[in-house]
Amino acid sequence: MSENPVPPAAAAAPAELPVLRIRDLRTHFFTGQGVVKAVDGVDLEVHKGEVLGIVGESGSGKSVTALSIMQLVASPPGRIVSGRIELDGLDMVKLDAAAMRRIRGKRISMIFQDPLASLNPVLRIGFQLGEVFRHHLGLEKRQAVTEAERMLRAMDIPSPATRVRNYPHQLSGGMRQRAMIAMALSCKPELLIADEPTTALDVTVQAQVLNLMKQVCREHRTALVLITHDMGVIANMCERVAVMYAGKVVEYTDVRTLFRRPGHPYAAGLLRSLPRLGGNARRLQSIEGQPPRLTRLPPGCAYAPRCPRAQPRCREEAPELVRLRPGQEVRCHFPLEGSLEGSLQGSPQGPLEGALEGSLHRPIPAALHAAPNAAPGAAR
Amino acid sequence: MLRYILLRLLGLVPVLFGVSVLVFVAIWVIPGDIVDIMMGDEVAQSEKAMQRLRAQLNLDQPIWMRYLLWVGNALRGDLGVSMISGEPVLDQILERAPVNLQLVLIAMVFIIVIGIPLGTLAAYKQFTWVDNSIRVGAIFGYVIPNFWLATIAVLIVSLYFPRATVLDYVPFSKDPIANIKGLLIPGFVLALTTLSYIVRLTRSTVLDTLRLDYVRTARAKGLGERVVMSTHVLKNSLIPVVTVLGIQVGVLIGGLVLTEEVFMLPGIGRMILLSIEARDFMVLAGGVLFLGVVFVLVNLVIDILYAFLDPRITY
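Chains as they are written, first to last, in my numbering: chain A, 1 to 380; chain B, 1 to 315.
This is chain B alone, in the form it adopts within the complex (with noise of 0.2 Å):
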């Protein structure tokens, strides 16, 4: 096991090096020279201010050098500093990093807790009304966009429910209550597209599991359904359902950006979104940097995870 864990350590190095890559190309590969955009119309463009500025971004340097130059500093803990606010990058992004990693993990229990039971219930009644009301259901969760229903649901929120404070971000230091509380409704509107795919994921395997002979063999035993299902037919198909939910990290971190913009939370995707607006690069580059290799390290405790569900696994 230990053995697995390290190789699959060691397989990181090159993940992260293509992430790095890409980010660096994405960023600083734009067409037209980024100074010239930085420093817009109103700034005196004194040829001698660019080539300072040129110089502070290592621009004078040869593409290769300036990727090493930021991979370098970035691997130190140093991301640069906001090219608007002169504030390290870092600092911005471990500030803001909790209201992100509350928001997914209240996501994930959203999807957990609502979309597996659910999937299990709606196979287990196959066809009958639970099963269709869940299916029908579903399938609404999963075309809603986004940004529709966190829209509406600020907007039936504020005109509704005047006292709840769904556009007041409390910090978890200062009310924790109220700080989770404000970011339920932003959860689940961050969670519904994935939660919504997982039931339906969960009901398809838990129905492939059913018909399989060792559930046959469970009810030979004389074992009551509720014993079937928690301990042979669950477990089994949890698997592929736990393989999809790391892959949908990256479509709630993707999400994230929206949510936080429409329910003004000051995570990282809204600062993200700022960067590009301002054009603030340095912070766009940490901060989907950030982003990617957090994507890239859930995924790797998937991996692990997945070695604990299914014993066939070598390792």
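Just chain A, same shape as in the assembly (with noise of 0.2 Å):
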């Protein structure tokens, strides 16, 4: 599918140029057990200050195709076979390495899992982050960790004078994931890219640094793709979805839709799966079996054999990316027609709006509710 042959879901939004737009991308990785397709034809679009959930299991493409629009994926072994990563309408997969540096950090940051694995342990803070301002902005040595200290005041962290000159391990675990979004905020990006950004933090701080990010994003209308397998951060964070399977978007919509009507099963399949408050305290759902080896994709749909729907036909036709309403697509042959809890044949939960609330009912999605429009001291 070199040219797409459906149009994306978020060409019906405004027609102002998105901010990042991936066409057909396929990142496969060259390995001695043989090719792993880890993104295999993916279309995705962000446009100015909107928010892209990409949500699937390990393994299912999501963090690869983060590094792709990056540009940081490691090769050997990997390597973007083909596809177009735009950003405002500039090819990146396209530049050298020289352009690709100029962009990184200052037009798209990135923020990782786990901050204390993502900074340096034998710098400074403020050195770290100093580092963007030299590279970017070429700004002098002291200059830079002035800019970084003011950047941590920004992203509210206690005497940012002192932390400048702290070593990571001398951080809390939320404050080192503040710095790292400071980092990232520093050049103020377009493109914002968090790969699980609070995955690694305890679930008291998770709340506090998706409401900064959330927050800063809004201020500078950043475009922000976070990626997360938690629905309850999709729920809260995101406006739009795309549901990644194996190195493809299975579905991709906004966010009510996704969890008032998935289309594809496996969407379903996550929802289900999803602990919830009130209702029957049944046994947890969950999904059965394992994601596919990428080396070793079946032939049709690659969701087919775990699919409860999965017919002779999804199990020798690879379906294609097709809408199934508007501002909805799904690949599958027998999509899911009815709400969601019309297709949870004979499970006894409660209404969907109890599946969304149960999901909302952690501290997370609570606090984010309540999020104050602008904290003090917020950035600027």
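Heads up, some of the hints might be wrong.
Below, computed lysine-lysine pairings styled on DSSO-like, alpha-carbon distance capped at 27 Å [said to hold, decoys possible]: (1) 214/A with 106/A; (2) 235/B with 106/A; (3) 141/A with 125/B; (4) 94/A with 235/B; (5) 48/A with 106/A; (6) 106/A with 141/A; (7) 48/A with 214/A; (8) 94/A with 214/A; (9) 48/A with 94/A.
Taking CB as the label site, the calculated pair distances span [claimed, not checked]: (10) 188/A with 12/B: 50 to 56 Å; (11) 140/A with 13/B: 43 to 49 Å; (12) 142/B with 79/A: 33 to 39 Å.
Derived list of chain B stretches under chain A, where covered just means 3 residues or more per stretch with a C-beta under 8 Å from a C-beta of chain A [stated by the list, open to error]: (13) 177-183; (14) 207-220.
Please keep in mind that the hints were generated in silico from the structure rather than gathered at the bench.
Every residue, glycine too, gets a C-beta built ideally from N, C-alpha and C.
With the hints as a guide, bring both chains together as one complex.
Have a look at this one:
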């Protein structure tokens, strides 16, 4: 599918050029065991100020998609085989290394999962944050550290003057991730990619960090790509969601539709495996089986071996991403038509709103709902 | 930091005690009568002469007393006198120590200036011909025996560069340039084993570091590869390398004995060898104790350096 047969749902949105437009991205890893098609034909779009969630199991290709955008896929063995990744219309796949270095950290930034591992243990926080200013804005070392201090203050980190002289191990987990966010936002990027930014954090801190990200992105109208496996985070942070499975987007829709009327059986399975408050305290549902091995994908739909609705056709013919409803695209021969509870055959779940709220009834989303629009000392 | 250094210094006391006991036991608790060995067959073994020698060496005292006397004198800077020449042992050591210091320093410079960059280059060019040649070269460098290389080096230099001064030691005070020139080849021979080891160690630690998350973060900031290498990768990779370098000083000191012998350098290694041949036990004990103390002190410096490299070390 070199030309996408279906116009992406986001195309229906304003005619403004998207900040990020990915077309038919394929990133493969050439290993001794064969070619791993980690990302295999992904189309995505993110507009200014929009939050796109990418959700999926480990190995679904969501992190590789993020690294592909940054052009930081380890090579060898990985390589972007084909596709376009446009930043404001500029195809970054074609850029040389030097041009890409001018974009990284300046126009696109990335926040990683484990803030302790992502910071250099032997360099001071101020130095590491200051590097961005020195590299992209040509500041002197002293000035850069002063700017780093200013960024830390903007992230509500107490006593930033001390913190810039600290090493990463002297900061708490939440503070480290705030420092990472500060680093990522130093040059006011157009696009921020956050790869499971709260997975390694305490639940109580997760809310603060997500809140902060949401707030600063809103202030600068920074587009945010949020990668997570946490449906609660998706529900509260994102406007649009791409569900990935085995290197492909299997459902691409807005967050409301995803939670009410998921079209792909896998998306429905993910929602069903959410723990819920209220309703029957029955055994937690899960998706049977394991994600497929990417070196040996079945010829048909990659989800077919685990899919409760699979038909013979699913095992033979790979489905394309097609429009199910306006603003909802699904890669399935037999998409779910009704609302989520209609598709839950024989399961005693309460109403869908319960499902949504159940996932929200945890510290993160609750705190997010209560998020004040302008926290004191917010990013400027 | 000061507290850390003081604690480390305090920790030296038991270590140095252990070193002195080991040296004493190894040399003095040799089977047979030392006086017999020392006097040999030729000397008329008059009972009186032997008694006098025993008293002079404190051999009539119990062993713990002998140890205390030896250590007590050593602490006051008196390592006894040579049983052959009657010269104070400490004077001999101090006279010869500069040669050793120079040799070890030259070897260290070779190891650091060649080993670490080569290892880093190999890691950066992993699995290319550059990496492969460096790795194969390092294996050869590691397995070639010191004495063989030393002999071959002497042979080649004497045959093909007759005007080179390979076996004539020139004191530093006389002609510093000729002195250093003369020590380059012995220094390299001494360095080679450790050098090869450091190449491989640096390669693997740099490879380990390159895989870490913060290197990815550095790249995500838009930093160039050279900056990523020099500021983010190298400092972290050097922490284990520095530790090993400290331990390898021991290997270098061991190598001194052989290198000095082949290149006929008047260092402590040669002094120790001669003292073994001549059964000059006072000199032997003093020399070994001196090298042991130097080794311990070098590792103290390494420990302190380590704390500078890695801020996570608590002191």
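To see whether the hints hold, each was checked on the structure:
1. 214/A with 106/A: Roughly 19 Å between the alpha carbons, so the hint for residue 214/A and residue 106/A holds.
2. 235/B with 106/A: 26 Å, holds
3. 141/A with 125/B: 31 Å, violated
4. 94/A with 235/B: 33 Å, violated
5. 48/A with 106/A: 16 Å, holds
6. 106/A with 141/A: At roughly 18 Å apart (the allowed maximum being 27 Å), residue 141/A and residue 106/A satisfy the hint.
7. 48/A with 214/A: 13 Å, holds
8. 94/A with 214/A: Status violated; Cα separation ~31 Å.
9. 48/A with 94/A: 23 Å, holds
10. 188/A with 12/B: 50 to 56 Å: Because 54 Å falls inside the window, the suggested range holds.
11. 140/A with 13/B: 43 to 49 Å: Roughly 47 Å apart at Cβ, these two residues keep to the hinted range, so it holds.
12. 142/B with 79/A: 33 to 39 Å: Since the Cβ atoms of residue 142/B and residue 79/A sit about 36 Å apart, the hinted range of 33 to 39 Å holds.
13. 177-183: Coverage by chain A is violated here, the residue count being 0 at a Cβ distance below 8 Å.
14. 207-220: holds (count 8)
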